[in-house]
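Visitor: Using the sequences and the hints, build the whole thing.
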Amino acid sequence: MAQTAPDSKQGASPSMSLDEARVLPSGEREFMLDVRTQDMELNMGPQHPATHGVMRILLRVDGEIVTGAQPHLGYLHRCAEKIGENVEWLQYLPYTDRYDYLSSMNNNLGYSMAVEALMTGLEIPRRAQMLRIICAELNRIGSHLIAYGTYGLDIGAFTPFFYAFREREWMMALFEKICGARLTYSYIRIGGVFNDAPPGWLGEVERFCDVFEQKWVEYYDLLMENHIFVKRTADVGVISREMALDFGLTGPMLRGSGVDWDLRRDMPYSLYGEIWKDGAFKIPVARGEKGSLGDCWDRTWVRVMEMMESIKIVRWCLAHIEPGPIIGDVPKVLRVPTGEAYVGIENPRGELGHYVVSDGGKVAIRVRVRGPSFVNVAVTEALMTGTLLSDAVAIVGSTDVVIGETDR
Amino acid sequence: MLAVTETPLAAPAPVGDGNLVLDLLTGLRPESVPLWAVMATSALIAVGLAVALISLIAMFSTWMERKVAGHIQCRYGPMHVGWHGWLQPIADGVKLLLKEDIIPKGADKVLFVLSPAIVLASLLGAMAALALSPNFFFADIDLGVFFILAMTSTTTIGVVMAGWASNSKWSLYGSMREAAQVIAYEVPLGISLMVPLIVAGTFNLREASAAQGGWYGMHWFVFQNPFMLPAFLLFFTAVLAETKRAPFDLPESESELVSGFLTEYSGIRWSFFFMEEYAAMFLYSAVGAFFFFGGFESPFTWAVAQMAPHTIDLGETIGTLKLLGEGSLLHNLVAVATIVVKAFAGVFLMMWVRWSLPRIRIDQVMTLGYKYLTPLSMVCVLGAALFELAWIRFFGGAS
Chain A
1 MAQTAPDSKQ GASPSMSLDE ARVLPSGERE FMLDVRTQDM ELNMGPQHPA THGVMRILLR
61 VDGEIVTGAQ PHLGYLHRCA EKIGENVEWL QYLPYTDRYD YLSSMNNNLG YSMAVEALMT
121 GLEIPRRAQM LRIICAELNR IGSHLIAYGT YGLDIGAFTP FFYAFREREW MMALFEKICG
181 ARLTYSYIRI GGVFNDAPPG WLGEVERFCD VFEQKWVEYY DLLMENHIFV KRTADVGVIS
241 REMALDFGLT GPMLRGSGVD WDLRRDMPYS LYGEIWKDGA FKIPVARGEK GSLGDCWDRT
301 WVRVMEMMES IKIVRWCLAH IEPGPIIGDV PKVLRVPTGE AYVGIENPRG ELGHYVVSDG
361 GKVAIRVRVR GPSFVNVAVT EALMTGTLLS DAVAIVGSTD VVIGETDR
Chain B
1 MLAVTETPLA APAPVGDGNL VLDLLTGLRP ESVPLWAVMA TSALIAVGLA VALISLIAMF
61 STWMERKVAG HIQCRYGPMH VGWHGWLQPI ADGVKLLLKE DIIPKGADKV LFVLSPAIVL
121 ASLLGAMAAL ALSPNFFFAD IDLGVFFILA MTSTTTIGVV MAGWASNSKW SLYGSMREAA
181 QVIAYEVPLG ISLMVPLIVA GTFNLREASA AQGGWYGMHW FVFQNPFMLP AFLLFFTAVL
241 AETKRAPFDL PESESELVSG FLTEYSGIRW SFFFMEEYAA MFLYSAVGAF FFFGGFESPF
301 TWAVAQMAPH TIDLGETIGT LKLLGEGSLL HNLVAVATIV VKAFAGVFLM MWVRWSLPRI
361 RIDQVMTLGY KYLTPLSMVC VLGAALFELA WIRFFGGAS
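Protein sequence lines, in the order shown, are assigned to chains A and B.
If you're matching positions, the first sequence starts at 1 in my numbering and goes up one per residue.
If you're matching positions, the second sequence starts at 1 in my numbering and goes up one per residue.
The reader is advised that the hints may include incorrect statements.
Unchecked claim - Far from chain B by the CB rule (all over 12 Å, computed), these chain A residues:
1) G63
2) R78
3) P125
What the hints assert, rightly or not - Capping the alpha-carbon separation at 30 Å, the derived lysine-lysine pairs in BS3-like fashion look like this:
4) A/K177 with A/K215
5) A/K290 with B/K371
6) A/K215 with B/K67
7) B/K169 with A/K231
8) A/K231 with B/K95
9) A/K215 with A/K231
10) A/K177 with A/K290
Unchecked claim - Some chain A residues close to chain B (C-beta under 7 Å, calculated; not the full set):
11) L42
12) D154
13) G156
14) A157
15) F162
FYI, nobody ran anything at the bench for these hints, they're computed from the structure.
Remember, predicted model here, so these are calculated numbers, not experimental data.
Cβ coordinates follow ideal geometry from the N, Cα and C atoms, glycine included.
Guide: Next up, the structure:
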């Protein structure tokens, strides 16, 4: 008995190793079934090891084949945006730590810059800018290390995770030295940073860079070139260039589909424009080396390559940093001039946008956050249909979703 | 059951010939005790030994797995319970024993309770055919390796039962994958084992081992035939799939199926599955050692066998005990050490693979099994048989 299953709109990975030969001219995929089977509803999450938190994906499965997927969000909703309308400008900063808890420095930076955009005349000292970039890029490395490690876990390799945590631990120790916290830093403040680097800290960052450059080769060899890993991720969950743009993907998800777009270069903020002009870093864009352009392998590759670029940016800052003030002239009780501002920055996961509205008071009228994870996770639904259950896990992992941010 | 093939049971057999335990007991037997009682006693001893052995192997393997995993992952593994955490398995065992016994509400109670027992019992049965030394074995079965393969594949029934009885979709997935995987990999496993069987000419583990004693104890089957090494690689791959080890750990696959068929199990029932897994790893490694890497034979075993025989007299009832030389106590001890070391080398290899490789997908598992391993193992059998034939034709006698 032959049964035809409609191909998913755009999402089915062309590899669909199940039935490569049986793709009908109409674009439908045909597979043979001995007995009539019944679709089963499967709750992947909210408590499931592959969903990286409390995301719930309602799968419709026919044996091992996923015939429908629907992500359900909101299990970690903490009303972060609403809180922004109720606390003072500076008091909201710790809340930004908590949406993408793997890249809190970048979140701090995004919010601070949005508020700073309203405060005309406020000048951010150069040393503060440097420290901001060093911390943001170190945090990007840490975030990508988690992405790389947990993606290995999703695929079934345990060891890369521990390798990744080894360097992340050092990174967190560095942050602990500069701001006292390991995860929720609140280090980057409106107007600058709150604490200067302790003596010897910059030298230690340099040593971290030296060691990381050597260890990075290990990461690449251990997972990225692993034959099984390539087999599991290449040609799986292919996002075409058009699809990536249509879904509004940003960050490694977008560059993984071959779109050369990075806010650090294309809409430069802080000192990134200067660093780019200096030729200190490049933007890795996937080329579809192992399979189709835009597959899971490409996305992971972009993340792994970005770590090295971040190291280069950190090195540039270390070479150019000079003593000086670390925070601009910001009053203790902050009254932000009337107006509205949107500032998007390149978070490890994509564009993190903050839209803030002020009426000149101590409290914001509106704080709106455009979280990259929230936008990026939307694509999973289209990608999962028609794949195998294992591929579904690989696809969720490749979006590198942080539930704290999708739900906020 | 203990069985002795060569020694006549009527007369007290000479010590060191045939089965040590049975010989010893037969020697000690007063006239009033019937022979069947002696055999039953030795069988009970054998069962006790097998159970103890499985537990010991499982305990040591869990410790070893943690240590291997730890060191591969830049950490130490257990360090606090005893020296380098060697008592950790005992601590874990106590914890598992004391855990609340949970049977899910919707579960099929009978099957749920029965499946860990079936899994462990079939492996215990398989253990009976494992010879530990030339003169110390539980059952000297002529179809030894066939028996081991048959019994170990019975564990699949237990796993499928566990998945069904748990009344959980994840468990069902796990057991379905297990069934598909085992069916696919039994074939290459059996066929790749045919290669050494052709060379050995026997299914019996002891005889296979004895056939590899030349070349100062290094005349292993793997050196006897060019198709042996590829056959071993196929065998090893199939064993990984059979024992549900990474990269074929699909029935459990934590990141996909929560814990697969183990999802609803806890406490001692859960530990039964793990005892089975580790014991199966050891057993398959031992089979691999017997049929590819010389079994009991090693230069050490050879050296002990070459020693001048030395016996001591232990009185009339027991007779004499050989200390040195072939078939002596020392020879047996060295043989046990050899096979245990070889088997654990195989176990270590499996652990190394597990902590290095990602998991492959179910369709890739099937493709690998049916499209590659099975035909390749058939090619190996054909090649090995032709090689043996040519050898006999041109050089006379087996390679």
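Visitor: Give a verdict on every hint.
Guide: Verification of the hints:
no.: 1; hint: G63; result: violated, 8 Å
no.: 2; hint: R78; result: holds, 26 Å
no.: 3; hint: P125; result: holds, 40 Å
no.: 4; hint: A/K177 with A/K215; result: holds, 22 Å
no.: 5; hint: A/K290 with B/K371; result: holds, 23 Å
no.: 6; hint: A/K215 with B/K67; result: holds, 23 Å
no.: 7; hint: B/K169 with A/K231; result: holds, 27 Å
no.: 8; hint: A/K231 with B/K95; result: violated, 39 Å
no.: 9; hint: A/K215 with A/K231; result: holds, 24 Å
no.: 10; hint: A/K177 with A/K290; result: violated, 41 Å
no.: 11; hint: L42; result: holds, 6 Å
no.: 12; hint: D154; result: holds, 5 Å
no.: 13; hint: G156; result: holds, 3 Å
no.: 14; hint: A157; result: holds, 4 Å
no.: 15; hint: F162; result: holds, 4 Å
Violated hints, listed in ascending order, are 1, 8 and 10; each of the other numbered hints is respected by the structure.
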